[in-house]
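Engineer: Read off the chains here:
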Amino acid sequence: MAFSSIKMTALVALGTFCGIYIGAIPGLSVTMAVSILISFTFSWDVNNALCLMGGVYCGGVYGGSRSAILLNIPGAPAAVATGFDGYPLAKLGEAGIAIGLATTASVIGGFMGIIALATCAPIISKFSLMFAPRDYFLLAIMGILLVGSLSGESLAKGMFAGALGVFLSMIGMDTFTGMGRFTFGSVGLMCGIHFVAIMIGLFGVSEALVQIHDLHIKPMKQDVKKIIPSWRLLFKHLPLIIKSALIGIWIGALPGAGGDIAALMAYGHARRSVKNPSRPFGEGAYEGVIAPETANNACIGGDNIPMLTLGVPGDAVTAVIIGALYIHGLKPGPMLMVDTPHLFWFWVGTLTLANIFLLIFGLSGVRIFAKLVEIRKGLLLPIIIMISVVGTYAINNSLTDVYWMLGFGIFGYILKMYGFQMGPIVLGIILGPPHGR
Amino acid sequence: MEDKIEQNPPGERILLWFLFLFSIFILVNAFMIPHLKNLSSSGAFPIFIASIMILCTLRILWKNHTRYSAFKIGEEIGKAIPLVFPKTVAIYTMIIILYILLLYPLHFWVSSSLFLIGSFLFLRGAKIIRSFFITAAFLTSIYFLFQYLFRVIFW
Numbered sequence: 001m002a003f004s005s006i007k008m009t010a011l012v013a014l015g016t017f018c019g020i021y022i023g024a025i026p027g028l029s030v031t032m033a034v035s036i037l038i039s040f041t042f043s044w045d046v047n048n049a050l051c052l053m054g055g056v057y058c059g060g061v062y063g064g065s066r067s068a069i070l071l072n073i074p075g076a077p078a079a080v081a082t083g084f085d086g087y088p089l090a091k092l093g094e095a096g097i098a099i100g101l102a103t104t105a106s107v108i109g110g111f112m113g114i115i116a117l118a119t120c121a122p123i124i125s126k127f128s129l130m131f132a133p134r135d136y137f138l139l140a141i142m143g144i145l146l147v148g149s150l151s152g153e154s155l156a157k158g159m160f161a162g163a164l165g166v167f168l169s170m171i172g173m174d175t176f177t178g179m180g181r182f183t184f185g186s187v188g189l190m191c192g193i194h195f196v197a198i199m200i201g202l203f204g205v206s207e208a209l210v211q212i213h214d215l216h217i218k219p220m221k222q223d224v225k226k227i228i229p230s231w232r233l234l235f236k237h238l239p240l241i242i243k244s245a246l247i248g249i250w251i252g253a254l255p256g257a258g259g260d261i262a263a264l265m266a267y268g269h270a271r272r273s274v275k276n277p278s279r280p281f282g283e284g285a286y287e288g289v290i291a292p293e294t295a296n297n298a299c300i301g302g303d304n305i306p307m308l309t310l311g312v313p314g315d316a317v318t319a320v321i322i323g324a325l326y327i328h329g330l331k332p333g334p335m336l337m338v339d340t341p342h343l344f345w346f347w348v349g350t351l352t353l354a355n356i357f358l359l360i361f362g363l364s365g366v367r368i369f370a371k372l373v374e375i376r377k378g379l380l381l382p383i384i385i386m387i388s389v390v391g392t393y394a395i396n397n398s399l400t401d402v403y404w405m406l407g408f409g410i411f412g413y414i415l416k417m418y419g420f421q422m423g424p425i426v427l428g429i430i431l432g433p434p435h436g437r
Numbered sequence: 001m002e003d004k005i006e007q008n009p010p011g012e013r014i015l016l017w018f019l020f021l022f023s024i025f026i027l028v029n030a031f032m033i034p035h036l037k038n039l040s041s042s043g044a045f046p047i048f049i050a051s052i053m054i055l056c057t058l059r060i061l062w063k064n065h066t067r068y069s070a071f072k073i074g075e076e077i078g079k080a081i082p083l084v085f086p087k088t089v090a091i092y093t094m095i096i097i098l099y100i101l102l103l104y105p106l107h108f109w110v111s112s113s114l115f116l117i118g119s120f121l122f123l124r125g126a127k128i129i130r131s132f133f134i135t136a137a138f139l140t141s142i143y144f145l146f147q148y149l150f151r152v153i154f155w
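From first to last, the protein sequence lines are chains A and B.
For the record, in the first sequence the residue sitting at position 145 is 145 according to our numbering, with numbers rising by one throughout.
For the record, in the second sequence the residue sitting at position 96 is 96 according to our numbering, with numbers rising by one throughout.
The set of hints was computed from the structure by calculation and includes no laboratory data.
Errors might be hidden in some of the hints.
What the hints assert, rightly or not - For each label pair, taking beta carbons as the anchor points, the in silico distance ranges come out as:
| id | chain 1 | residue 1 | chain 2 | residue 2 | range |
| --- | --- | --- | --- | --- | --- |
| 1 | B | Leu21 | A | Arg134 | 51 to 59 Å |
| 2 | A | Trp231 | B | Ile91 | 54 to 62 Å |
| 3 | B | Lys127 | A | Cys191 | 39 to 47 Å |
| 4 | A | Leu92 | B | Ser141 | 36 to 44 Å |
| 5 | A | Pro239 | B | Gln147 | 49 to 57 Å |
For glycine and all other residues, C-beta sits at the position ideal for the given N, C-alpha and C.
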């Protein structure tokens, strides 16, 4: 367990801390961070890599709420609903209490999600051991159907993006027949294009280019005072926290639905079910911060259930995390609990530890943090590009990967400008090989 | 009253035609993969995927054809370039390409220093002296972090 080693505990702490900042800074996303991180942790021991990634994952999902509350710019899609009441609270001078409530609600939700993961995953895993080859194929088909939920406005664009991802995964030598596919006589292409280089291009470079369009937007400064919420306030909202966590777990466990849907559904539930909110919804109701924040962090545990037991990701972030697990020799899917049960429990332990650190880092240093999220994009974007370059180079110590990353970055940017989503491409890359088999 | 037809962003039609031609190119190449005998052969799945890509692009082109008809091709290209690559994005994309091309001849540290300072100034992230300081501090931390923690071997 991560708890037993100081080094691993420190890595979870570092990951959670960085994740909170990455999630909070508009323009940086957890998906981008995890994609880049995969390349750096390539040569690491699997346990250390999982510690860092688990921390970044948990911290990043929560971190999005910070900028939603302070700047009304959600750091992640899962934090969109938090801004509905979080930002009005900040304008009323209660940014501190909004952050405090968001943190405690996130941690409670996170723990409930982990409990669900620890209890449900082994049961589902046992059931999935009865799968025959055709069931695996159907499972892979189900994964590709997730494209529908990641497509954005147009299903056809989403399907194209998913198919493009599958095509990219096929470049190189067919592992079964040894036949070269789409190599055009190039020896270099026989090994294919490394999917991490594609992911860094699609999520790092292309996102940085998109952000250049908003260089001129200046964030509003907020005054942060009292942060830790009172016990009375927490106990008063405990039933809402529990209900929102259950919504988050349920939505997360459904393949294709992620934290953004869970948060919006929990927010909608709070609006309908809370009779006497602290203020009207949309004008700074505490309940409007608590419900979505509980749900999106509870969703982490829920998302991990189909991801680890069936190998089907819930959203773009979990698709990238599946890629990371593959890189480290793990095979998320029915055989994970048979071949490497210790790593499943290690992952559960890492997420638990990350939630403990989330509480510590979430309630401390908020004033300094409020200044940091106002960092200029003109400073941030060049650093993202440079880290993307270093990260891609680190995969194989090869500049060819960097050229691919750049190419996919620019291509992804053009696609994004016309409403194509990057999530389905990654999904196609990850789920393409099982289909082929 | 005449209904106003909502227009898709200029350039989308060109992109979709490009993607359509690219998909056909993939399909042709998929057929050229040898030993196409049954569903298990190497080329079968690529043919299926390329067909999906073709159908999707055709579907979007067909669905939006009335919206696209508002533009003439030349006029569309003229409007698409400033939309996708406004001046700042176009120049910065060129800077990134230049940086990556210079990585090999100039080596990582020199090209990255030039890139960071140039980018900070171009994107107005910091003024000259501050840019130098931030670049120096950032590259130093990169050196220690990636050399010792992540063990990346720089070229």
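Engineer: Could you run down the list of hints and mark each one as holding or not?
Structural biologist: A quick look at each hint next to the structure:
no.: 1; hint: Leu21(B) with Arg134(A): 51 to 59 Å; result: violated (36 Å)
no.: 2; hint: Trp231(A) with Ile91(B): 54 to 62 Å; result: holds (55 Å)
no.: 3; hint: Lys127(B) with Cys191(A): 39 to 47 Å; result: holds (45 Å)
no.: 4; hint: Leu92(A) with Ser141(B): 36 to 44 Å; result: holds (38 Å)
no.: 5; hint: Pro239(A) with Gln147(B): 49 to 57 Å; result: holds (52 Å)
The structure fails to meet hint 1 from the earlier list, while all remaining hints are met.
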